[in-house]
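For the protein sequence lines, the chains are A and B, in the order given.
Those letters in the first sequence? Residues 1 to 571, per my numbering, in order.
Those letters in the second sequence? Residues 572 to 693, per my numbering, in order.
Treat the hints with care, as some may be off.
To be verified - Short derived list, chain A residues pointing at chain B, Cβ under 10 angstroms: (1) Leu66; (2) Gln278; (3) Thr279; (4) Asp350; (5) Glu363; (6) Glu368; (7) Pro372; (8) Leu392; (9) Gln522.
No lab work stands behind these hints, which were simulated from the structure alone.
For glycine and all other residues, C-beta sits at the position ideal for the given N, C-alpha and C.
Each chain is listed here by its residues.
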Amino acid sequence: MLRAVVRRKPRLVDVYLLVGAVAIGAYFALPADTVAQTVYYSVVGVYGIAGLVLGSQRNLTARARLPWYLFAVGQIAFVVGDSIFDAYLIGNGTLPFPSAADWIYLAAYPVLFAAIALLVARYSRRRIHIAVIDAAIVTFGFLLAQWVFVLAPTAQASGRLLDRTILVAYPAMDILIVAPLAGLVYSRAARSPCYVLLALAILAMLVADEVYYGHGVNYRWLDGFWLASYVLWGAAALHPSVGALGADAEAPRPRLGIIRLLLLGLAAAAAPIVLAVQTARGANAHPYAVAAFGIVISILVLGRMALLLRAYDTARRQAESSQAALVEQNEQLRELDRLKDEFVGLVSHDLRTPLTSITGYVELLASEETGPLTDEQRSFLGIVSRNADRLLRLVNDLLFVARLQTGRLDLSLEEVDLAEVAEHAVVGAGPRAGAKALDLQFTSSGDTAVFGETGRLGQLLDNLVSNAVKFTPDGGTVSVSVRAEDGAVVLEVADSGIGIPESERAHLFERFFRASTAVSRQIPGTGLGLHIAQAIVDAHGGRITVSSVVGEGTTFRVALPPATVGAEVHA
Amino acid sequence: VSGTILVADDEDDILSLLQVHLTRFGYQVVAAHDGEEAVRLAEEHRPMLAVLDVSMPKLDGLEVTRRLRAGADGDLPVILLSALVQPADVERGLEAGANAYLRKPFTGEELRERIEGLLAGG
Chain A
1 MLRAVVRRKP RLVDVYLLVG AVAIGAYFAL PADTVAQTVY YSVVGVYGIA GLVLGSQRNL
61 TARARLPWYL FAVGQIAFVV GDSIFDAYLI GNGTLPFPSA ADWIYLAAYP VLFAAIALLV
121 ARYSRRRIHI AVIDAAIVTF GFLLAQWVFV LAPTAQASGR LLDRTILVAY PAMDILIVAP
181 LAGLVYSRAA RSPCYVLLAL AILAMLVADE VYYGHGVNYR WLDGFWLASY VLWGAAALHP
241 SVGALGADAE APRPRLGIIR LLLLGLAAAA APIVLAVQTA RGANAHPYAV AAFGIVISIL
301 VLGRMALLLR AYDTARRQAE SSQAALVEQN EQLRELDRLK DEFVGLVSHD LRTPLTSITG
361 YVELLASEET GPLTDEQRSF LGIVSRNADR LLRLVNDLLF VARLQTGRLD LSLEEVDLAE
421 VAEHAVVGAG PRAGAKALDL QFTSSGDTAV FGETGRLGQL LDNLVSNAVK FTPDGGTVSV
481 SVRAEDGAVV LEVADSGIGI PESERAHLFE RFFRASTAVS RQIPGTGLGL HIAQAIVDAH
541 GGRITVSSVV GEGTTFRVAL PPATVGAEVH A
Chain B
572 VSGTILVADD EDDILSLLQV HLTRFGYQVV AAHDGEEAVR LAEEHRPMLA VLDVSMPKLD
632 GLEVTRRLRA GADGDLPVIL LSALVQPADV ERGLEAGANA YLRKPFTGEE LRERIEGLLA
692 GG
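Work out the full structure, taking the sequences as your base and the hints as a guide.
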């Protein structure tokens, strides 16, 4: 503790304990049974009371102070009792029995009991049953031992009734203290250092009391225990954790550690232990008392087991129901997913039906079988047709992305010449490129066969080429090349278009992302094309990359495994 | 090439479109507006091929296909025509016994290719 004091700012409680320890040492240094020593004894008692009052003032709110003030009242009674005791000793050396000191001592115990009980009640508000049963088992075990070893012999001893009653009252009062102390040991408050100090204080007092009344002898070292009890009690109130006890009300119950378990076991086995000890000593075994307490303790143990089993059942039921809730939630998600698919399918179907009529009849008109068209009429029909195609592509893209989201992109694979697919896309983009006077080029070299699905690869090429055409200003260049290169089939679609800022390239393949250069020029689009392109490339085991200079152009590069390698990959 | 083709679609506009195309290709056309009518007309007219929409009232195209397969003219070539275009839809159509599945929207050229392909194969 000294090292700790040197290292950090010493806490008041540390200083208090240190001073208290020195004071107790000093007590034994004083000459025994002198006036000085007996007066000094009471001084230490006042030191404990001061700790209680000061600690309550410093660490506790007004509402939380009551039990600690009650402790102080109890201690004051002890000190007053001690003083009366001492007064007799100093005065004429003989003690009357019973004296005023006895009445004051005895009155202090109920006050202490009330204070501890208040603490227990405050910190065990919820799920208190098991703590109460544990405390009851310990209390009844102690009660049995107390009865057989102390109370019964004292009560049956000869002498005046009043004398015997007073003598019995002290050990009986200890039982009164043990009950709430056991409650404290098994309550939530047990997790706080302040509680440990308090429990030690009470324990020190009980041990000294028991030895004193049990043997009727006032050993000198017993004073040490009583003095330690005063100091520890004051320290408990001064410990900063005393204020946090209230906030800890929701903390879990203390674990049934080795000490608590031993205490419980000892108490539960009190009946046979007492019986064995008394028989060995050849003393009265008090068989009725042992049997009665044994039964009570057994019932309590049974009750505790029943509570545990019930808690276990509850926990298991909760686990099961949360499991069921999870399953249900999963089911709901799946149902939601199914509904979404159904919805997308329905929208797609209902858009396609009118589109079928539009494109079908436009086609009939454009074929001029219903009559010759003027150039203007033909051009107008071209506009209707292009826009119907655009709408259809959008519907297809949405449907495709919805399917991607549910992770279903099953390819029916075959050997496909990528150059052929690319050329087809370039030819398809011819009219649009022509309208913008673009120089649209196509080159291919080497074995460009890949293993893939023609429809999807066509969709990929259409997306990339129509993007290039869309984002390239009039008179620019779009060049598409397919070649075998370093064990891969490489497709490049390069344009002299508006370009994509570097900061946006990372998001380019995200769903619904649109480059700022496209948005600012009001170039229409959904932000789905490249997302789809990447999904298709991924599904084919390839890689798509982009390089771009704003204002100069963009190049998309797709590398796919060649048909020979692809066959192994997809096998 | 000549002969009768049964077409069925609950959308009048598309039914007319099919009729125009098929007439242009040189076929006779019997037109049904729903599934039940399609089954009845198939029995009456004994067409050489059927083009059936999938989503129709009373009986859908899939059920009509199954009934045609189970009927007297069990190996009648059937083209299902639909705006349901997901792979699972196509699979269901072929499982019902259709010989081909044509997605809407379709072009006259696509329609002609499918019909001629099936008639040449049969």
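When the structure is checked against the list of hints, which entries are broken? Sort them ascending. 1, 2, 3, 6, 7 and 9
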